[in-house]
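The sequence shown begins at -17 in our numbering and counts up one residue at a time.
Calculated directly from the structure, the hints in this document are not laboratory data. A quick note: this is a predicted structure, and the numbers were derived from the prediction, not measured.
Straight-line alpha carbon distances no greater than 25 Å define the calculated DMTMM-like cross-link-like pairs of lysine to aspartate or glutamate that follow:
1. K61 to D78
2. K61 to D43
3. K23 to D111
4. K61 to E(-8)
5. K61 to E7
6. K23 to E91
7. K23 to E42
8. K61 to E4
9. K61 to D(-4)
10. K61 to E118
11. K61 to D21
12. K23 to E7
13. K61 to D120
If you anchor each label on the Cβ, the simulated ranges turn out as follows:
14. T(-9) to T140: 18 to 24 Å
15. R54 to T131: 28 to 34 Å
16. D111 to G139: 30 to 36 Å
17. T131 to K23: 22 to 28 Å
18. E(-8) to P40: 20 to 26 Å
Just so it is clear, CB atoms sit at the ideal spot from N, CA and C, and this is done for glycine as well.
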Amino acid sequence: MTETGPRPTESVWDYPRPPRVEPSERHVRVIVDGVVVADSKRAVRVLETSHPPAWYVPPEDVRTDLLHPTSRHTICEFKGQAGYFDISAGGRDRRDAAWTYARPLPGYEALAGYVSFYPGRVDEAWVDDHRVTPQEGDFYGGWITPEITGPFKGGPGTRGW
-17 MTETGPRPTE SVWDYPRPPR VEPSERHVRV IVDGVVVADS KRAVRVLETS
33 HPPAWYVPPE DVRTDLLHPT SRHTICEFKG QAGYFDISAG GRDRRDAAWT
83 YARPLPGYEA LAGYVSFYPG RVDEAWVDDH RVTPQEGDFY GGWITPEITG
133 PFKGGPGTRG W
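Working from the sequences, and respecting the hints, build out all of it.
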């Protein structure tokens, strides 16, 4: 199997809860207004029951000069407090389009300082040669690629799952 070849199907219902952090050598890219904001083969992905994976990119592989902290913070019962960033690229700002866990809770230290992106708030998100489909809804930031199957939490009527 090549890097861009067919991959085994993964059901999000086989992912664990609490979530698992998994290193990956797949090629992850994020593009805003023609500007490559993130480009990595050292990302990690978080796998959690009912959610497409969220990809987290090491800060060394992110144009952090384009990220601007916002006042938004959320709490994940597993990972801790997330802080958010606007992305300024190509003369446009993308509000709360990325987030990070500066001091994640025990068990999630691998995420410290890594940056994740909402694929629906950037122009393009890619895993290898696959353009990502954003997870439905405005809270979760899952990345749907051809091998990921649902149904997925996030859309209308799924909040109570």
